[in-house]
Structures are given as structure tokens and as C-alpha cells.
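Novice: One-letter residues, chain by chain:
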Amino acid sequence: MKRVSLVVTLALAAGLSAQAASAQTLKTVKDRGMLSCGVSQGLPGFSSPDDKGNWTGLDVDICRAIAAAIFNDATKIKFVPLSAKDRFTALQSGEIDVLSRNTTWTLSRDTSLGANFTGVTYYDGQGFLVKKSLKVNSALELNSASVCVQTGTTTEQNLADYFKGNNMKYEVIAFATADETVKAYESGRCDVFTSDVSQLYAERLKVANPADHVVLPEVISKEPLGPMVRHGDDQWFDVVKWTLYAMVGAEELGMTQKNIDEMAKSDKPEVKRAVGTDGNLGEQLGLTKDWMVRIVKATGNYGESFERNVGAGSKLGIARGLNNLWSKGGIQYAPPIR
Amino acid sequence: MAIEPRKPPSQLLPRLQRALGGRAGWSGFVLQLLFVAALAWISYEIVANARANLQAQRITAGFGFLANNAGFDVSQSLIPYSGSDSYTRVFVVGLLNTLLVSVIGIFFATVIGFLVALGRLSPNWLLSRIAGGYVELIRNLPLLFQILFWYLAVLAALPNPRQSISIFDSIFLSNRGLVVPKPVGQAGFEPFVVALLVAIVATIALWRYARRQLFQSGKVIKVWPYALGMIIGLPLISMLIFGIPVTWEVPVLRGFNFAGGSRLIPEFVALTLALSTYTAAFIAEIVRAGILSVHKGQMEAGSSLGLQRGSVLRLIVIPQALRVILPPLTNQYLNLTKNSSLAVAIGYPDLVSVFAGTTLSQTGQAIEIIGITMGVYLLISLVTSAIMSFYGWRISRSMGG
Chain A
28 MKRVSLVVTL ALAAGLSAQA ASAQTLKTVK DRGMLSCGVS QGLPGFSSPD
78 DKGNWTGLDV DICRAIAAAI FNDATKIKFV PLSAKDRFTA LQSGEIDVLS
128 RNTTWTLSRD TSLGANFTGV TYYDGQGFLV KKSLKVNSAL ELNSASVCVQ
178 TGTTTEQNLA DYFKGNNMKY EVIAFATADE TVKAYESGRC DVFTSDVSQL
228 YAERLKVANP ADHVVLPEVI SKEPLGPMVR HGDDQWFDVV KWTLYAMVGA
278 EELGMTQKNI DEMAKSDKPE VKRAVGTDGN LGEQLGLTKD WMVRIVKATG
328 NYGESFERNV GAGSKLGIAR GLNNLWSKGG IQYAPPIR
Chain B
95 MAIEPRKPPS QLLPRLQRAL GGRAGWSGFV LQLLFVAALA WISYEIVANA
145 RANLQAQRIT AGFGFLANNA GFDVSQSLIP YSGSDSYTRV FVVGLLNTLL
195 VSVIGIFFAT VIGFLVALGR LSPNWLLSRI AGGYVELIRN LPLLFQILFW
245 YLAVLAALPN PRQSISIFDS IFLSNRGLVV PKPVGQAGFE PFVVALLVAI
295 VATIALWRYA RRQLFQSGKV IKVWPYALGM IIGLPLISML IFGIPVTWEV
345 PVLRGFNFAG GSRLIPEFVA LTLALSTYTA AFIAEIVRAG ILSVHKGQME
395 AGSSLGLQRG SVLRLIVIPQ ALRVILPPLT NQYLNLTKNS SLAVAIGYPD
445 LVSVFAGTTL SQTGQAIEII GITMGVYLLI SLVTSAIMSF YGWRISRSMG
495 G
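Just so you know, the protein sequences line up as chains A and B, in that order. Going by my numbering, the first sequence wraps up at 365, each residue one higher than the last. Going by my numbering, the second sequence wraps up at 495, each residue one higher than the last.
These are calculated hints, taken from the structure and not from any lab test. Certain hints may be false.
To be verified - Some chain B residues near chain A, calculated using beta-carbon distances under 8 Å:
id : residue
1  : 153
2  : 154
3  : 156
4  : 158
5  : 165
6  : 167
7  : 169
8  : 171
9  : 177
10 : 360
11 : 447
12 : 454
13 : 455
Stated by the list, open to error - Negatives, chain B to chain A, calculated, CB over 12 Å:
id : residue
14 : 163
15 : 262
16 : 310
17 : 312
What the hints assert, rightly or not - Result set (DMTMM-like, lysine to aspartate or glutamate): computed pairs, CA atoms no more than 25 Å apart in a straight line:
id : chain 1 : residue 1 : chain 2 : residue 2
18 : A       : 196       : B       : 263
19 : A       : 249       : B       : 179
20 : A       : 196       : B       : 394
21 : A       : 316       : A       : 305
22 : A       : 233       : A       : 334
23 : A       : 191       : B       : 179
24 : A       : 342       : A       : 239
25 : A       : 191       : A       : 245
26 : A       : 196       : B       : 179
27 : B       : 432       : B       : 462
Yeah, the Cβ is synthetic: ideal placement off N, Cα and C, and Gly gets one too.
Using the sequences plus the hints, can you model the full thing?
Specialist: The following block contains the structure:
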């Protein structure tokens, strides 16, 4: 881990000193013929490789959608697995074009890292996973507990705030990767494993007996997860931002992977604008007119991607909740595509 | 033969020339000057360009972040630390943890290394084979693997705190570490320490006196009865007069963990064990080579004087071997210190973990933080080799070599 971050840092120093900040990411990506996408080291539901080495997940679908919009080919992607502590350096150094790795949007990250969040792919919150045998029903009963956490996350700071705020003592053991953290939790080194709730559900699948572990009801923080791009390239920022909105917008318009060919022939004005038979919205982004068709064909709309990766259609079985469309009780909302 | 009066040659100019241009003279000097200037210019360009680009991308730069609140906690700290302290304090906490594991690791590695080397050279067949097997096994397995082995296979297999192994209900061993009673100083603490120090100093003085007597007049004085009397007696008297020096805060299981007492966390134990046993295998070979480098005539001469094997080693062989041993031994000490950064794999809060890890990803200031961390490791290494060089210099002086 240390070596990786050192290499990345040196690359950062070299990259920063050698070339001026390249402000043409879209052109670079097109010339390269490949999108470089920073993902996690394996988080089921968000970004993890299957037994054939194909990456799947909600975060992966964002990159697939971007690649589909640019190349009309969702496989032209190089996935770069990154630990929590190496992810920003990889983005700053230009090693990746977009970071789509369950990263929480905070003010300090948005301002001081030389990068921007483009939107929210998943509204999450921090929770606690404990063994059922401890007979704990609430996070407020965790006084004096040992807590395993992954280093370099907002989780570490929320944890400190929560225990301090509730006048509870605890011991924190911080590991570099999620796997090490879960292993230590499973071995009994810690009573509690804390992370974003979605991640708790995902990691619970990895332990020996998932049924022996329970996620406590308390959610102690807001964790809006989203993709990041470098500062200083507004065109690329727009492409990544509107790719997500295209997925959400497609769900609002009822465009699905199945009916997309029929929808492309639709004569409803808002659908015509979306599929590119009316106007040139895609070209305004530096893409093609049929960009949304390409995206929906590749990954489906936001709801389809959600259900397939983390929702009812997946092992995680997480309810839509906050991540439902605004019109259905959630807060996912796309600005007008027009 | 007439001797021409001759001007004393100016020493300054040739010297300067030699220092700067070597034999090549002034042209060489100019070349070197150009080279240095080019080097300076390139470094300046790199720094200036990096700074400009950081600014262009609006990545925060500089060392202002060191004063900001860290906002996260650390499992082991030698100084008082809480989440509301600054990143500077996090840095100190991490540095002290690195130094702690290095110093203790170096101590045990040296002791084990010497013992294994002596075992391997022993005429006892079984002992020498066991020592040889230890060296071959340990030094041929990757260190990270050994750290994970101690942490995940040995220490994690201990019972949980509620079923911990306890000794007299005051020492507890569990997968949360070893918890022992903590001494709390009382009124009699300072007199007790003073009495103990006095006893130790007096014992040393007595021992030196006895040695002088032995060398001058051959008179043998038995030191140990007096020493024992003083070291036990004086503190006992102080306790009778001033009261007991310490009370013990016994740990009790409260909730999930033990409250009170002092605790050795398993991460620290696993890392120290792995580092010291691993480095000891290399040290053993270095010590063995050093001892074998001393001519065997020295050993035979010692034996023919009637000295026992242990005394021959201690008085004759090892002092000579040390000159060979010290430089590679220093290397091993440096390796151990640098290897301690593998701590990050098992969550021991060393410098790399809390500073180049957590702090880096929270502030995003990779260049500054990696720069500081590299500087610190460089400094630790330089100080270690300086200490070892000083020790080597003292040895060679005392041996007249």
C-alpha cells in the first residue's frame, strides 16, 4: 500500500511539473480510445470484479455509461482499483479520468483536492455492523467498544464525533483496505465494524456467516456518494455530470434497456430531445446526438442499474429509499434535459 | 649546487583548484560550476512548475494544514492525544509509535540474534541445528507474511475479553491484547526510587573496588551478598519510613473491554514479534560471521590460559568480532526501522499509517506529507548510523586499533 501511494505521489509530482494541467480530458480520452476509471478494490454492488474479471456495480455503471456515450462501447474502459487513501492522488496525477469509487461529497474534498464532485449516485449514511451474539440493539450501547474502520475515510471522523458527542469511550483500529478491516472484525479484534450502510451490507456478504451479524438501526451521518473529476476542465465535468443525469432522466421518462429502440422512434417532444431525434443536446456536450440511447442501451436507466447492482435484483437487497426518484418519495432528481 | 632562493608556493590556489576542478584545472572548474548551475536551475523549475500547476488546479499547497484539527482517533499514543488535536500532534504520535516499535524491536532482535549465533556455533549438535533451522526458516519467508501470521494466526486466536486468560485476576490476555495492573505513584514513590538508585550506585562502586583489589592484590571479595542486601534493604527501609511507593490499578472488564490498567495492543505485539524475530535471523548470521572471522588461534590461546568457553567468547573473541559485526549490524537496525512501516497492514498506528495514510487522504496534500515522511525516515536512519559509528569508533579506540 505504501509503495502504491509513493509511486502515485511521485507520478503526481512528475506529472505536475512536466505538463500543464491538461484541460481537454474528453479529447484525451477519445484519442486514447479508452476511459481510465478509478474504482474500489472490490465492494460488491458498487464496484467489484466477477469470476471472469468483469467489473460490475453501480459505480462501475457510471463509467460504463460514460464510455458508452463517448465510444458507443461500454467495454472501452481501464479500471484502476484504488484504496481509500490513494484515490485522490490518482485523480490529481491524471492516472484516472474519473473517480467513481463510493466517495463521500464534502466541502473540504470539493475545495482543497483540486477536484469536483459531479453529482450523487447514491445517498448513503454511516452505520454499525455488530455480531448478534453481543446482544446490542442500539449504537448508544457501544460504550468502551473496539471499532474497526478503514483509514482515509470520512467514517473515521464521523466515528470520533459520534462517540465524543454521546460521551462514550471507544478504541479505534484503522486498516488500509476494506478486506483487512473486515478480517480483523471477523477475527474478534473489534466488536464493531463501521462504514457506510451500503458498504456494511456488501461486506456482510463476505463474512463466514452473514446471518450472525446485524446492522444497527442508527445512521450517524450523511454520506452522499458521487463521481469526481479534476478541476479546470468544465467540458469533462459536464460530460460526467450529465451522464448520471441522463440515467436518472431516462428513468423519469420511462426509457429502459428493453424499450429503448421503440423509445428512439417516439414522437413525444421530451423523449425526442433525449434520444436526439430533435435538437442536438448530445453535441452540445461534445458527444453525439444519440448519447442517451447509447447510455441506456449499455447500462439501463438509473433505476435498472440500482436494482441490478444493489437493489432487489442483487444479493445486497437494499431498498431504494432516498435513492428513489423525487416523484416516488426519494431525492434522486435530474435537471431538465432540454 | 646553488640553491636558488625560491618563493614559498602559494598553497591556497592549488588547494582551491584541487577542491573544485581536480586535475583538469580551471576548465574543469568551469564545467563543474555549469553542472551545479544547471542542477539548481532544473530543481528550481520543477518546484516552481509544480507550484504553478497546483495553483492552477486549485489544489491546496503548503504546510498550513499542520495546524488544523485532525478529527480522528488513534489506538495507541505515548502522549495524550484526542481527536481535537492538530495534525502536528498526529505526526508526533505516529513518529513516537514508529520509534517505540523500532527501539524495542532492535533490542530484542539483537538479543535473539546473538543467542542464535552462539547457539549455531555451539559444539552441541542439537542446539546448533535448531539455531540453523531458525535462521533458514525465518529469513527466507517474506516479512509481511510473518507480520500477518503473528497477527491473524496467533494473536487473533486468543479468546475474547469476556473469556480472557487471567492470572490472579489481575493480568488478562485476550484478543484485545495483554492488560496488566498499572502502577499509580503514592507519597512513598520518590524516596523509594532514590533509595533504589543509591543502592545501585553503591553496588557498582563496590564491584569496581572489588575488581581493582582482584587485579592489584589478587584478593577475592564476594560482592553479591552486599549488593543483594543493599538493593533489597534500602528500598525496604524507605518503604517503612515513607509508606508504600505505588498502588496497583487492577483492570476490570467493563462493557466490551477492560477499563483501567495498562494495555499492550495486539498490533504492537505482532509487529514487534515479527520485526525482532525476522531481523534476529539476519543478525545471527552477521554475528556468526564476525565470530568466525576471529582467528581460531585466539580461541585456542584463551583456552590454553584455562578460560572457559563462555569467558573466551566474552573477553577475547566478541570484542574482536565486533569490529566486523558493527557495519552490517547497523544496516539491519536501519532495515528494521524502515520495515516497521509495514505496520499499516495490521492497523498499528505508526508514522506511515496515521500521517502518510489517514492525514494524507484527509488533507489530500500528498507532496508535502510524503516529503515530510521521507525526511523523517532519512533522519532516523542517519541518527542511527551516527550512533553506531560513534560506538564503533570507541571500540576501535579502546582496542588501540
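Novice: Does the alpha-carbon distance linking residue 191 of chain A and residue 245 of chain A stay inside the 25 Å limit?
Specialist: holds (16 Å)
Novice: Take the C-alpha atoms of residue 196 of chain A and residue 179 of chain B, compute the straight-line distance between them, and say whether it is at most 25 Å.
Specialist: With a Cα-Cα distance of about 17 Å, the restraint between residue 196 of chain A and residue 179 of chain B holds, given a limit of 25 Å.
Novice: Using Cβ atoms only, decide whether residue 177 of chain B comes closer than 8 Å to chain A, and label the hint accordingly.
Specialist: This interface hint holds because 4 Å falls under the 8 Å limit.
Novice: Please verify that hint: residue 360 of chain B, Cβ, nearest Cβ of chain A, below 8 Å or not.
Specialist: holds (7 Å)
Novice: Can we trust that residue 262 of chain B is non-interface, i.e. its beta-carbon lies farther than 12 Å from all of chain A?
Specialist: Residue 262 of chain B is indeed farther than 12 Å from all Cβ atoms of chain A, at 23 Å.
Novice: Within a Cα-Cα threshold of 25 Å, do residue 233 of chain A and residue 334 of chain A meet the stated pairing?
Specialist: holds (20 Å)
Novice: Regarding the assertion that residue 310 of chain B does not contact chain A, is the least Cβ-Cβ distance greater than 12 Å?
Specialist: holds (59 Å)
Novice: Let me know if the C-beta of residue 169 of chain B comes in closer than 8 Å to any C-beta of chain A, holds or violated.
Specialist: holds (5 Å)
Novice: Per the stated criterion, does the least C-beta distance between residue 312 of chain B and chain A lie above 12 Å, as a non-interface residue requires?
Specialist: Residue 312 of chain B clear of chain A: closest Cβ-Cβ about 61 Å, beyond 12 Å.
Novice: Can we keep the residue 154 of chain B interface hint, with Cβ of chain A closer than 8 Å?
Specialist: At about 4 Å, which falls below the 8 Å cut-off, the nearest Cβ of chain A leaves the hint on residue 154 of chain B intact, so it holds.
Novice: For the pair supplied as a hint, residue 196 of chain A and residue 394 of chain B, is the alpha-carbon distance within the 25 Å limit?
Specialist: violated (64 Å)
Novice: Just to be careful, I want the Cα atoms of residue 196 of chain A and residue 263 of chain B compared with a cutoff of 25 Å; is the pair within it?
Specialist: holds (23 Å)
Comparing the model with each earlier hint shows violations of hints 3, 4, 8, 14 and 20; every other hint is respected.
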